[in-house]
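> The chain contents come next:
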Amino acid sequence: MKEKYGNLFDMYAKITGENPYEVPMRIYPAVHYTMGGLWVDYELQTTVPGLYALGEANFSDHGANRLGASALMQGLADGYFVIPYTLGNNLADEIYNAPIPTSHPAFEAAEKAVAERIATLKNINGKQTVESFHKRLGKIIWNECGMSRTAAGLKQAIADVQALKKEFWSDVRIPGEINEYNPELDKANRVADFIELGELMCVDALAREESCGGHFREEYQTPEGEALRDDKNFMYVAAWELKNDHEWTLHKEELKYEVIQPSQRNYK
Amino acid sequence: MSHTTMNLNLKVWRQKNTKTAGAFEMYRVENISDEMSFLEMMDILNEQLITTGGEPVAFDHDCREGICGMCSMYINGKPHGPWQANTTCQLHMRAFKDNDTIVIEPWRANAFPVIKDLTVDRSAFDRIIQAGGYVSVNTGNAVDGNSLPIEKAKADEAFAAAMCIGCGACVAACKNSSAMLFLSAKVSHLALLPQGDPERKTRVTNMVAQLDKEGFGACTNTGACEAACPKEISIANIARLNKEYIVAGLTSE
Ligand SMILES: Cc1cc2nc3c(=O)[nH]c(=O)nc-3n(C[C@H](O)[C@H](O)[C@H](O)COP(=O)(O)OP(=O)(O)OC[C@H]3O[C@@H](n4cnc5c(N)ncnc54)[C@H](O)[C@@H]3O)c2cc1C
Ligand code: SF4
Ligand code: FES
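If you read the sequences in order, they're chains C and L. Counting in my numbering, the first sequence runs from 1 upward without gaps. Counting in my numbering, the second sequence runs from 1 upward without gaps.
It cannot be assumed that every hint is accurate.
Derived DSBU-like pairs: lysine-lysine, alpha-carbon spacing no greater than 35 Å straight-line [stated by the list, open to error]:
| # | chain 1 | residue 1 | chain 2 | residue 2 |
| --- | --- | --- | --- | --- |
| 1 | C | Lys135 | L | Lys243 |
| 2 | L | Lys213 | C | Lys127 |
| 3 | C | Lys122 | C | Lys4 |
| 4 | L | Lys213 | C | Lys187 |
| 5 | L | Lys19 | L | Lys243 |
| 6 | C | Lys252 | C | Lys232 |
| 7 | C | Lys112 | C | Lys139 |
| 8 | C | Lys14 | L | Lys213 |
| 9 | L | Lys78 | C | Lys14 |
| 10 | C | Lys2 | L | Lys243 |
| 11 | C | Lys4 | L | Lys152 |
The hints are simulated quantities; they were obtained by calculation from the structure and are not laboratory data.
Work out the full structure: start from the sequences and follow the hints.
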C-alpha cells in the first residue's frame with residue numbers, strides 16, 4: 001500500500017491530521033472535469049474561423065461522461081494527432097496573406113470590447129469580494145446542478161444564478177489598478193465567465209429530460225436507481241448559442257451509432 | 001478529531017512592484033480553524049483586507065494540492081514553512097497555535113525578482129526547461145510501452161527526480177541562490193531513461209548555459225536545498241548532473 005499510494009496517504013494525513021493507515025479515510029467527491037465545452041468541427045475549429053479549441057476546452061472527444069484518464073488522453077490526442085494535420089488546412093489559405101496589423105477593425109473592436117469590460121468591472125466599486133461571488137455561485141451549482149438534478153432545483157438555480165449575475169455586475173469590489181499585476185481583476189474576469197457558464201449548465205441540464213453519463217435527473221431513473229436514458233428523444237449533442245443576455249438557442253447535432261449501440265451503464 | 005480555532009498575528013512582506021522598496025506590515029486574523037490550509041488562511045486575510053478598503057496580498061497559487069509548485073513563500077524563515085517535505089498549500093493551520101506571530105516573505109533571489117508582495121517571477125526556470133528539458137520524438141504510431149524495458153530501480157530513480165515541481169524552494173533556501181537541485185532533477189529524470197538518450201549531451205550543455213545566464217549562484221554542496229525541497233529531491237542528482245556535464249564536455253565533437 002505504501003509503495004503504491006504512499007504519497008496520497010501522506011497528503012491525506014497532512015490535510016486531515018489523521019493517519020490513513022489506521023483510521024478509515026473520509027472521501028468526498030470533487031469536480032475535476034467540465035464535460036462539454038466549445039463547439040468544434042472535426043478539425044477542432046470553433047465557430048470563429050481560425051480559432052481552434054483543444055483539450056478540455058472543447059466538447060468533442062468524450063460522450064455524456066468523461067471516463068477515468070481520458071481527459072489527459074484527450075489533450076494528447078488533440079495536440080499530437082489532430083491539430084498537426086488540420087491546422088495546415090487553415091494556414092494553406094492564409095499563407096499568402098500579409099500579417100494582419102493590429103489596426104485591423106476586428107482587432108480594434110475586440111481590444112475595445114475587452115478594455116470596456118475591464119473598465120466596467122473595475123468601476124463598479126461595490127462592496128462584495130470576487131471570492132464571495134465565486135463561493136456563492138459554486139454553492140448554487142453544486143447543490144442543484146451537481147451529482148443529481150431535478151427540474152424544480154434547476155429552475156431555481158437558473159433564477160439564482162441570474163440574480164447573482166445582477167448582483168455581481170452591480171456590487172463587486174476589485175481593488176488595485178487596471179494596469180498593474182492584479183490577481184483580483186484577473187479572477188473577476190474569470191468569475192464573470194463562470195457565472196455565464198453556470199447558467200448554461202443549468203439550462204442544458206433542465207432541457208435534457210433523461211439521465212445519461214454524468215447527468216443524472218432524479219425524475220428519470222430505473223426502479224433500481226440507475227440512469228434511465230431516452231434515446232428516442234435525446235440522441236443529440238446540444239450546442240447552445242448565446243444570442244443576448246440569458247437568451248440561449250439550442251442547435252441539435254444528431255448522434256448516429258453504427259457499430260456500437262449505447263446502453264445503460266450498470267454498476268452492479 | 002477535535003477542532004480548535006486560533007487568532008494570529010501575521011507579519012507580511014508588502015511590495016507594490018519590482019521597482020518599489022517593500023516593507024513588513026502587521027495584520028491580525030481571528031477564528032482561524034486548525035483544519036484550514038495555510039492558503040485558506042491567506043484567503044481570509046485577503047477577504048478581510050478587501051472588505052475594509054485595503055489591498056489584498058498578492059501570492060501565487062494554483063493546484064493547492066502540492067503538485068504544481070506555484071505556492072512559493074517563506075513562512076517563519078523556511079521555504080514552504082515548518083513541515084518537512086511539504087508545499088505551502090499543503091501546510092495546515094494545526095502547525096500553529098493561538099496568538100502565534102507568523103512571518104511571511106517572498107522567495108529571495110536575484111534570479112526571482114518580486115512582481116508584487118509574495119509573488120516572484122520564476123520564469124528563469126521556464127527558460128532553463130526550454131533550453132533542453134524535453135525530448136524530441138516524432139509522433140505517429142506510438143511505440144508499445146513493453147518494447148522499451150526499463151529496470152525498476154532505474155524507473156524509480158527517474159520518477160523520484162521527475163517529482164520536482166519547479167517551485168524554487170531550493171533556490172530560496174540556498175545561501176548562494178543556486179538552482180542546481182532543480183536543474184539536476186530536470187536533467188536526471190531524462191538522463192536515466194532511454195527516451196532522453198538522443199539529446200543527452202546537448203541537453204545538459206544548453207541547460208547549464210541557460211542556468212548561468214539567469215544569474216543563479218554557484219553550488220557549494222551545503223544541502224540546504226535538499227532539506228527545503230517539498231519533493232525530497234536528493235542532492236545525489238547534483239552529482240549525476242556534474243557527471244553528465246563533464247562527459248558531455250569531454251566527448252563533444
Ligand atoms: C484535481 C484533478 C484531477 C484530475 N485527474 C485526472 C486524471 O487522473 N486523469 C485524467 O485523464 N484527467 C484528470 N483530470 C482532468 C485533466 O487534468 C484536465 O482535463 C486536463 O489537464 C485539461 O488540460 P487542457 O490542456 O485541456 O486544459 P488546462 O490544463 O486547463 O489548460 C488551460 C490553460 O489555459 C490558460 N488560460 C485560461 N484562460 C486564459 C486566458 N484568458 N488567456 C491565456 N491563457 C488562459 C490556463 O492558465 C491554463 O494553463 C483532473 C483534473 C483535476 C482538476
Ligand atoms: S528541486 Fe525541489 S525545491 Fe527545487 S524546484 Fe524542484 S521541487 Fe522545488
Ligand atoms: S498551489 Fe500547487 S503546489 Fe501549492
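> Next step is simple, just say for each hint if it's right about the structure.
Checked hints:
no.	hint	in the structure
1	C/Lys135 / L/Lys243	violated (51 Å)
2	L/Lys213 / C/Lys127	violated (47 Å)
3	C/Lys122 / C/Lys4	violated (49 Å)
4	L/Lys213 / C/Lys187	holds (34 Å)
5	L/Lys19 / L/Lys243	violated (40 Å)
6	C/Lys252 / C/Lys232	holds (14 Å)
7	C/Lys112 / C/Lys139	holds (33 Å)
8	C/Lys14 / L/Lys213	violated (38 Å)
9	L/Lys78 / C/Lys14	holds (18 Å)
10	C/Lys2 / L/Lys243	holds (32 Å)
11	C/Lys4 / L/Lys152	holds (13 Å)
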